[in-house]
Amino acid sequence: MPSRTGAGSGRSLPEFGLLLLVIFVLLEGSLLPLGAASSTSKSCEEAKQGHTEVHNFTKKAFPVLGVDYGHIKNPFEISLWVLLACLMKLGFHLIPRLSSIVPESCLLIVVGLLVGGLIKLAREEVPPVLDSKFFFLYLLPPIILDAGYFLPIRPFMENLGTILMFAVIGTLWNAFFIGGLLYGICQISNSDLTAIGILPCLLFGSIISAVDPVAVLAVFEEIHINELLHILVFGESLLNDAVTVVLYHLFEEFSVDGSVTVLDGILGVISFLVVALGGVLFGAMYGFLAALTSRFTSHTRVIEPLFAFLYSYMAYLSAEVFHLSGIMALIACGAVMRPYIEANISHKSHTTIKYFLKMLSSVSETLIFIFLGVATVDGRHSWNWIFVTMSVVLCLVARVIGVVGLTFIINKFRIVKLTTKDQFIIAYGGLRGAIAFSLGFLLKEDHFHMRDMFLTAIITVIFFTVFVQGMTIKPLVELLAVKKKQEAKRSINEEIHTQFLDHLLTGIEDICGHYGHHHWKDKLNRFNKKYVKKFLIVSERSKEPQLIAFYHKMEMKQAIQLVESGGGSKLPSAVPSTVSMQNIQPKNPPATTKPAERVLPQLSKGREEEIRKILRSNLQRTRQRLHSYNRHTLVADPYEDGFSDLILKKQRMMIKEMTNYLTVPAAAPDSPTMVRARLASDPQSYNMKPVSGGVPTIQVDLASPQSPDSVRLLDELGEADGKEQEKDQGLTMKLPGGSSRPNKPGETENTREQQKLTRCLSDPGPTAELKELLCVVGEV
Amino acid sequence: MGSRASTLLREEEIEEIKKETGFSHSQITRLYSRFTSLDKGENGTLSREDFQRIPELAINPLGDRIINAFFPEGEDQVNFRGFMRTLAHFRPIEDNEKNKNPTASEPLNSRSNKLLFAFRLYDLDRDDKISRDELLQVLRMMVGVNISDEQLGSIADRTIQEADTNGDSCISFQEFIKVLEKVDVEQKMSIRFLH
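Here the protein sequences come in this chain order: Z and R.
Residue numbers for the first sequence, in our numbering: 489 to 1268.
Residue numbers for the second sequence, in our numbering: 51 to 245.
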């Protein structure tokens, strides 16, 4: 039985089913309202008649089954749209060839066109889906928040100057170039275009000049371009919001009045600064509030993610109240609150935030593109060849000239210059998107009689950039051999040496008296560490020991992984080399084992992860989680599911006085299920034995001299009595003793343990997970 | 030349430094004024104390090592030439320099010279190898006092294991270069001296 054909037919069946499902959903969506519309009107009349007839007293039969679509209409339709969006996403990925040629955004617009056409056929009125209010208040914030929260701060800050140049000056240039030339062309062409004044043209220019973050995200995430270019284009698309806002309002106001003076120009500049900085300030403020709030959420872990979302959304809305740049507020809020929130919240909450954000932004983006298609079908279009084609051409030309010109200036200040290839990608990546459309939609009809023409032109430009540029950018990137994103994770060496170089450069800058990049970064880090962290992070975790506990957690994770990976059978080859690293006793000097022996991928990945994290946090920087700013590369956390199960079970466990050995003999590995089974049957209550010595110790001894094949997980919590063998063991992770561990005055070891225990009970924080793991895994 | 207390830098000296290091005229004069402001003893050379007087260097974990890097082997004073020679390592690499003169010796700010400078900061005993102890020392300096020796040891072991290709439990310069090949050293080790 040829497996290929079997698999092929097996695959097409689900696809076919999916297609049927989609069609069904569409039909339901369009027909049900039709039927309902008639039924509601009928029921309205009946109701009226019922009122009048109540005097006539005609008893009707009790309606067993009735249809009342009216009162669920709105939620139903919204859900239907979202469902459609999600099904579309599913569908695209079942057809691999298609998704590799055509970017998702294009496919979604096409779907939107189809759906819009369907709706138009089914009934007269297309819902105004891309209503500006709906777009700006509900669809846009999730995407921006997702971008801001996972913004890679370091490359962003390093290239901030370049990004700002492109965002501010580039957008200004684009707006004036396009607006001005369009006006000229309108005047030259002897048609009704001459009626368009300079200000509406400039307004149009400002609407269409801004690079759109949604479109850029959608397209760039699929082409995996190198980090520098990605952050340049993406950063520009985020920061040009301030410029767009100011220009839009400026020209809109003055189009009504009819003239702009120099004073207005100066006010415009001031307004720009206010808008931009005000937005950032609002965002930072809310970000700090969020961080502060998260400090106290240790007892109510379930609602922790909500704070992150709410504060950010409030930041956006508050900024919008004052006509400040909501996008910049969101970005600032997300970027500011992230390091502190992550230090405070539990592992589960962190996962929740990550996935929820990705989910919301994914759905939002899909909806936006579909709606773009729908709105295109629906809109009243006024097609004017000259205007539309010239706007497309001018957009391209303006972008290219702008990028080339600016790069020429910027390269004088950059250490790593931008090459021609880079410039091409930056210019080509200037995609327009739904923001431009929504801004155009906002224009009032009575002020701008050419609104329809503007909208048509905007849509054409959007379509052109998204379809043509979006589809061709991937092959062009391949053709030009542009550097792609580094897939490999950073090695420990890179980590250490990069930190080393940071310190070195800071020192050199200080010697030169040159207050450069490194100097300020260092100052900021020091300030952060000294004051801000103490204020915003849960007190125990803002001090050093937190980092150590984190390190323990990493080691524990790796130990769990070893256990779960099947115990001894796979380990023999891998373990000796691990032992050589970890075994500090003179008995097993590293030289005896081959240091060059590469460990199994499972092992090295886990260890690498943990050591990278150790370094990140320990080398005087804040802890960072995984790079997850790209929703297409959400790294699956292999421990998540196992973790939660283990932790749940553990909640009944005693933490103290456990001489826990999890011995995994080579023959029959003790699977985690077995362990869990044993745990479940253990009716334990909490017994708060004071930790003697106050030092929870975990020992991971991978293949001690006695039994090279076994993995022993030793929990030494509270064991002051005889573990002489601990001296012989491998890696000992000790929380440092009292001297280096700053204990709060008056706080005993006991209360600290108790605190941690209570935290364990509700929902483990990052430090407490350590203990839980011990309890779970370490059961005799 | 170095011991003469001169407040003015002579043209020939500027030219020589320019040729050796590649700095421009204005950069050299600017750095010279910085040099003299650091030189409290006004004898045309800098001692270790002069460097240690810089407040930010005191809190820099690598402060002492950086200071030592300025002083040539065994000496306690560094003149302006030496000062500039060390700083030349941090000049940004310019594209046009790459093609200039293939026969001339590599400029001080080439990628491999930058890396060599960094390598020498690890490798104190100048045996062209970063041993485990040397690595441990640097880690300890960067990490602070709160990590136990065993933990640091395991980090160091892991680091060496990752980089070591010839199995000598040390990181040689070649291995060092290889490990950093993905890192953008040209940018990370350059300071934009204002023109």
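Possibly wrong hints are sitting among the right ones.
[Said to hold, decoys possible] If you want the ones that stay clear, here's a sample from chain Z, every Cβ over 12 Å from chain R, calculated:
#1 I686
#2 E808
#3 I903
[To be verified] Dumping the calculated DSSO-like pairs for lysine-lysine here, alpha-carbon to alpha-carbon at most 30 Å:
#4 R:K90 x Z:K972
#5 Z:K1011 x R:K69
#6 R:K228 x Z:K971
#7 Z:K1018 x R:K228
#8 Z:K561 x Z:K548
#9 R:K90 x Z:K962
#10 R:K238 x Z:K547
#11 R:K238 x Z:K972
#12 Z:K971 x R:K69
It should be emphasised that the hints constitute simulated quantities derived from the structure, not laboratory data.
This one's a predicted model, so the numbers in the text were calculated from it and none came from an experiment.
For each residue, glycine too, the CB sits at the ideal point set by N, CA and C.
Hints and how they fare:
1. I686: Label holds. Min Cβ-Cβ 40 Å, cutoff 12 Å.
2. E808: Correct as stated: the minimum Cβ-Cβ distance to chain R is 38 Å, above 12 Å.
3. I903: 5 Å, violated
4. R:K90 x Z:K972: 51 Å, violated
5. Z:K1011 x R:K69: 35 Å, violated
6. R:K228 x Z:K971: Given that 30 Å is the threshold and the Cα spacing comes to 19 Å, the pair holds.
7. Z:K1018 x R:K228: 37 Å, violated
8. Z:K561 x Z:K548: 27 Å, holds
9. R:K90 x Z:K962: 60 Å, violated
10. R:K238 x Z:K547: 87 Å, violated
11. R:K238 x Z:K972: 20 Å, holds
12. Z:K971 x R:K69: With Cα atoms ~34 Å apart, K971 (chain Z) and K69 (chain R) exceed 30 Å; violated.
Figure legend: structure checked against the earlier numbered hints; hints not met, in rising order: 3, 4, 5, 7, 9, 10, 12.
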